[in-house]
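All chains should be modelled from the sequences, with the hints used to inform the complete structure.
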Amino acid sequence: VAEMDATGALIIVPNSDNNDDAANNNGSNKQGQEAPSSKDYTMMHRVMSQLPPEELASFGGLPALPSSNSTTTGNIKLTAKERQEFEAKMEVLWQTRQEQLRKMQEESIADLPKILKERIATLKEYLMGSNDKLMELLESRRRRRTDNEDGNEQDNKEGDGTKSSSTANNVIDALRDLEFQLSDVDMARDFHTLGGWPYLIALLDETMHDHVVVGTDPDSENGAHEVAEAAVVVDEIRALAATTIGTAVSNLGEFRPWALEDVSSTINELRKTKSSNTSVDDTDKKMMTALSLLTRVFQEELDQRTKAMGGGTMAVVDGPSSHTNAMSKSRATFKLRAIYGLGSLLRGNPTAQQQFILTNGPD
Numbered sequence: 355v356a357e358m359d360a361t362g363a364l365i366i367v368p369n370s371d372n373n374d375d376a377a378n379n380n381g382s383n384k385q386g387q388e389a390p391s392s393k394d395y396t397m398m399h400r401v402m403s404q405l406p407p408e409e410l411a412s413f414g415g416l417p418a419l420p421s422s423n424s425t426t427t428g429n430i431k432l433t434a435k436e437r438q439e440f441e442a443k444m445e446v447l448w449q450t451r452q453e454q455l456r457k458m459q460e461e462s463i464a465d466l467p468k469i470l471k472e473r474i475a476t477l478k479e480y481l482m483g484s485n486d487k488l489m490e491l492l493e494s495r496r497r498r499r500t501d502n503e504d505g506n507e508q509d510n511k512e513g514d515g516t517k518s519s520s521t522a523n524n525v526i527d528a529l530r531d532l533e534f535q536l537s538d539v540d541m542a543r544d545f546h547t548l549g550g551w552p553y554l555i556a557l558l559d560e561t562m563h564d565h566v567v568v569g570t571d572p573d574s575e576n577g578a579h580e581v582a583e584a585a586v587v588v589d590e591i592r593a594l595a596a597t598t599i600g601t602a603v604s605n606l607g608e609f610r611p612w613a614l615e616d617v618s619s620t621i622n623e624l625r626k627t628k629s630s631n632t633s634v635d636d637t638d639k640k641m642m643t644a645l646s647l648l649t650r651v652f653q654e655e656l657d658q659r660t661k662a663m664g665g666g667t668m669a670v671v672d673g674p675s676s677h678t679n680a681m682s683k684s685r686a687t688f689k690l691r692a693i694y695g696l697g698s699l700l701r702g703n704p705t706a707q708q709q710f711i712l713t714n715g716p717d
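Residue numbers (my numbering): 355 to 717.
Calculated directly from the structure, the hints in this document are not laboratory data.
Treat the numbers as computed from the prediction; the structure is a model and nothing was measured.
Possibly wrong hints are sitting among the right ones.
[Unchecked claim] Taking lysine to aspartate or glutamate pairs in the EDC-like style, the calculated list, with each CA pair at most 20 Å apart, reads:
id	residue 1	residue 2
1	K468	D544
2	K443	E408
3	K478	E560
4	K683	E590
5	K689	D657
6	K468	E533
7	K478	D564
8	K457	E409
9	K471	E560
10	K393	E472
11	K628	E533
12	K628	D540
13	K471	E533
14	K626	E590
15	K689	E533
16	K435	E445
17	K640	D559
18	K435	D394
19	K393	E479
20	K689	E560
21	K626	D540
22	K689	D544
23	K628	D657
24	K471	D540
25	K393	E439
26	K443	E479
27	K640	E608
28	K628	D544
29	K626	D616
30	K683	E654
31	K468	E479
32	K683	E580
33	K640	D540
34	K393	E441
35	K683	D544
36	K628	E479
37	K689	E479
[As the list claims (entries may be wrong)] Okay, the calculated beta carbon distance ranges per label pair:
id	residue 1	residue 2	range
38	Q454	M482	38 to 46 Å
39	T561	G607	27 to 35 Å
40	L548	N622	57 to 65 Å
Here a beta-carbon is modelled for each residue, glycine too, at the ideal position from N, C-alpha and C.
Structure below.
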């Protein structure tokens, strides 16, 4: 009988009912005649024939189905020799295919920690040289816009300079992939175990994102445009980080303590690496957690709204610049994602809720 296992592979198991019937009716078989095989080799042939031609070629091809001796029914009657040869070949091919699937599954599982390590390395690399990395992202986006205007949209379909999630070599593509990967409980746990959590949290800190436009006067029109472009990308990175945090901690109760893990040592080390000034001021000595950084964003939004209310409006107006629209949209998106992340940290987490209240989070 053909059955589907948990991996989706077709396996053949003995049919116990048929075996019992065969044993009970043994006397009806002719002396010396082999009992029919309990494996459905015709089914095996039909399944393997669906493989791509190049894969079939790697097996040396499939044996042809033996010709039928019956012209009146759909049942194939084989001679003993034909059956033995056909079944022997199919047995070898089937077992080879099953072993190939097993190895592919093992390799896929083994590659997962490698993928997480690569994503963590990408986050760390960005944090240690954010200005250069930001400039690379901006240049990549400008090239895509130019190609799009010229009618070549191919590059615009490839994300931010990468061609697949397995080669996410910039921080935005890495975060997009992580947000998907960390929806899995085991992947989220491994990500934390491998030390990725502090770098993910560090991306929330605006001071970690240098976006100084070298060689351009920020007060000029062109300089203001480049500064605005960089600010939009920073907001996108922080928004993706907040979403990824929310996705990761939403999995299990055992992940709730991550909300209050102090990552200040990692952030301070990154700051020292990026700056020649190795001194650490009083602000740097404060605890920095996912909860505290996202609460800060929440508080800043409330402060802006309160200030705006003094002018008779709840709307936060940034100014008359032509770049305000894009910046406002990116900042609004980041704040919404930050609230999602904050809600995920607080939901079902009494310890984090208490800390949020003690630090006047709702004020």
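Status of each hint after checking the structure:
1. K468 - D544: holds (11 Å)
2. K443 - E408: holds (19 Å)
3. K478 - E560: Satisfied, since the Cα-Cα distance of roughly 15 Å is no more than 20 Å.
4. K683 - E590: holds (10 Å)
5. K689 - D657: holds (13 Å)
6. K468 - E533: At roughly 16 Å apart (the allowed maximum being 20 Å), E533 and K468 satisfy the hint.
7. K478 - D564: Satisfied, since the Cα-Cα distance of roughly 14 Å is no more than 20 Å.
8. K457 - E409: It holds: about 15 Å lies between the C-alpha atoms, which stays within 20 Å.
9. K471 - E560: Cα-Cα ~24 Å, so violated.
10. K393 - E472: violated (45 Å)
11. K628 - E533: This hinted pair is violated, its Cα atoms lying about 27 Å apart.
12. K628 - D540: At roughly 33 Å apart (the allowed maximum being 20 Å), D540 and K628 break the hint.
13. K471 - E533: holds (15 Å)
14. K626 - E590: Measuring from Cα to Cα gives roughly 25 Å; hence the hint is violated.
15. K689 - E533: Holds, at roughly 17 Å.
16. K435 - E445: holds (15 Å)
17. K640 - D559: holds (13 Å)
18. K435 - D394: It holds: about 17 Å lies between the C-alpha atoms, which stays within 20 Å.
19. K393 - E479: This hinted pair is violated, its Cα atoms lying about 55 Å apart.
20. K689 - E560: holds (13 Å)
21. K626 - D540: Outside the cut-off at roughly 33 Å; violated.
22. K689 - D544: Not OK: K689 and D544 at ~28 Å, beyond 20 Å, violated.
23. K628 - D657: violated (30 Å)
24. K471 - D540: holds (14 Å)
25. K393 - E439: holds (14 Å)
26. K443 - E479: With a Cα-Cα distance of about 53 Å, the restraint between K443 and E479 is violated, given a limit of 20 Å.
27. K640 - E608: Judged against 20 Å, a Cα distance of about 25 Å means the pair is violated.
28. K628 - D544: violated (28 Å)
29. K626 - D616: holds (18 Å)
30. K683 - E654: Holds, because 16 Å separates the two Cα atoms, which is no more than 20 Å.
31. K468 - E479: Distance of about 16 Å is within 20 Å: holds.
32. K683 - E580: Between K683 and E580 the Cα gap is close to 16 Å, so the pair holds against 20 Å.
33. K640 - D540: Violated: K640 and D540 sit about 31 Å apart, past 20 Å.
34. K393 - E441: At roughly 9 Å apart (the allowed maximum being 20 Å), E441 and K393 satisfy the hint.
35. K683 - D544: Given pair K683, D544 is violated - Cα atoms ~34 Å apart, limit 20 Å.
36. K628 - E479: Judged against 20 Å, a Cα distance of about 11 Å means the pair holds.
37. K689 - E479: violated (25 Å)
38. Q454 - M482: 38 to 46 Å: The hint (38 to 46 Å, Cβ to Cβ) holds, given that Q454 and M482 are roughly 42 Å apart.
39. T561 - G607: 27 to 35 Å: holds (32 Å)
40. L548 - N622: 57 to 65 Å: With a Cβ separation near 21 Å, L548 and N622 fall outside 57 to 65 Å, so the hint is violated.
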